[in-house]
Every structure is written in C-alpha cells, then in structure tokens.
Amino acid sequence: MALPARFADIKAEIAATYPNFEQNAIRSWGEILQELNEVTKVIKAEGVNYIPQVKFADLDKLSPEEIAKIKRRGTVVIKDIVPDEQAAGWKEELREFVKVNPDVDGLPVEDK
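Here the numbering used here is used: the first residue of the sequence shown is 1, the next is one more, and so on.
Because the hints were derived from the structure by calculation, they are not lab data. Ideal placement from N, C-alpha and C gives every residue a C-beta, glycine not left out. A portion of the hints provided could be inaccurate.
[To be verified] Each pair of labels, with its calculated beta carbon distance range: (1) Lys61 x Ala12: 51 to 57 Å; (2) Ile14 x Glu35: 22 to 28 Å; (3) Phe7 x Arg72: 28 to 34 Å; (4) Ile10 x Arg95: 29 to 35 Å; (5) Val48 x Ala16: 42 to 48 Å; (6) Ala16 x Pro102: 41 to 47 Å; (7) Ala12 x Pro108: 38 to 44 Å.
[Said to hold, decoys possible] DMTMM-like, lysine to aspartate or glutamate: derived pairs with alpha carbons at most 20 Å apart: (8) Lys61 x Asp80; (9) Lys69 x Glu38; (10) Lys99 x Glu110; (11) Lys55 x Glu65; (12) Lys55 x Glu66; (13) Lys41 x Glu31.
The task is simple: from the sequences and hints, build the whole structure.
Below, the structure written as structure tokens:
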C-alpha cells in the first residue's frame with residue numbers, strides 16, 4: 001500500500017535535519033539486520049523454550065534474572081491460571097454456542 005505523497009515530504013523534512021541521514025540510515029538498517037540474524041539463531045536453537053513459561057502461582061517468586069529474561073523476550077506464557085476442568089468446561093460451552101449460532105463469525109474459519 002502506497003502512502004500519500006505528503007508522507008514523503010514529511011520524511012524529506014525530517015531527513016534534512018539530520019547530518020548524513022542516508023548514510024546513517026543505511027548503517028542503522030545494517031545493524032538491525034545483524035541483530036535480527038543473531039536473535040533468529042537463538043530462537044532457532046531454543047525452539048519452543050525461547051518464550052519463558054511461568055506458573056501463575058509462581059509469579060511472585062520470579063528471580064531478577066527470570067524477570068530480566070521475560071523483559072528481553074517481550075512475552076511470557078502464564079500457565080495454570082484456572083483449573084483444567086474449568087478451562088475444558090469453557091471450551092465445551094464455546095463449542096455449544098458455535099453449534100447453536102452457526103452464523104457467528106470466527107477464526108480460523110475452517111475450525112468452527
């Protein structure tokens with residue numbers, strides 16, 4: 001999707017206020033790609049363990065290192081928030097709702 005021309009004008013105005021804008025932008029983009037390459041290697045090596053997982057009951061017991069890791073990763077899976085039986089009950093209620101209300105949209109479409 002192409003942006004309106006006024007955005008190109010705004011970008012040019014901003015770029016004009018920074019010395020060596022193009023050179024610095026290209027250098028910065030290269031640094032981003034390098035970092036992305038490194039993070040991709042870590043994600044590939046750690047697989048599903050890349051995203052930290054914590055039990056709800058242990059949230060108040062996290063070490064500073066665990067908190068720092070969660071912040072670095074930008075996400076965390078919190079487990080055991082509700083009992084499995086309750087979650088299964090909610091899932092069944094939802095299935096019944098969808099069965100009774102087939103006209104309700106949902107995603108993924110093929111999983112109704």
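Here is how each hint holds up against the structure:
For the pair lysine 61 and alanine 12, the beta carbons lie near 53 Å from each other, so the given range of 51 to 57 Å is met. Hint check: isoleucine 14 to glutamate 35, Cβ distance near 23 Å, so the stated range 22 to 28 Å holds. For the pair phenylalanine 7 and arginine 72, the beta carbons lie near 33 Å from each other, so the given range of 28 to 34 Å is met. Separated by about 50 Å at the C-beta atoms, isoleucine 10 and arginine 95 break the suggested range of 29 to 35 Å.
The hinted range of 42 to 48 Å is satisfied by valine 48 and alanine 16, whose Cβ atoms lie roughly 47 Å apart. Here the CB-CB span from alanine 16 to proline 102 is close to 58 Å, at odds with the stated 41 to 47 Å. Checked against the given bound of 38 to 44 Å, the beta carbons of alanine 12 and proline 108, roughly 42 Å apart, stay inside it. Between lysine 61 and aspartate 80 the alpha-carbon distance is near 15 Å, which keeps this suggested pair within the 20 Å criterion.
A threshold of 20 Å between alpha carbons decides the hint, and for lysine 69 with glutamate 38 the separation of about 16 Å falls inside it, so the pair holds. A threshold of 20 Å between alpha carbons decides the hint, and for lysine 99 with glutamate 110 the separation of about 14 Å falls inside it, so the pair holds. Our distance criterion of 20 Å between C-alpha atoms is met by lysine 55 and glutamate 65, whose separation comes to about 16 Å. For the given pair, lysine 55 sits about 13 Å from glutamate 66 by alpha-carbon distance, which is consistent with the 20 Å threshold.
With a CA separation close to 16 Å, the supplied pair lysine 41 and glutamate 31 stays within the 20 Å bound.
Against the hints set out earlier in the document, violations occur for numbers 4, 6.
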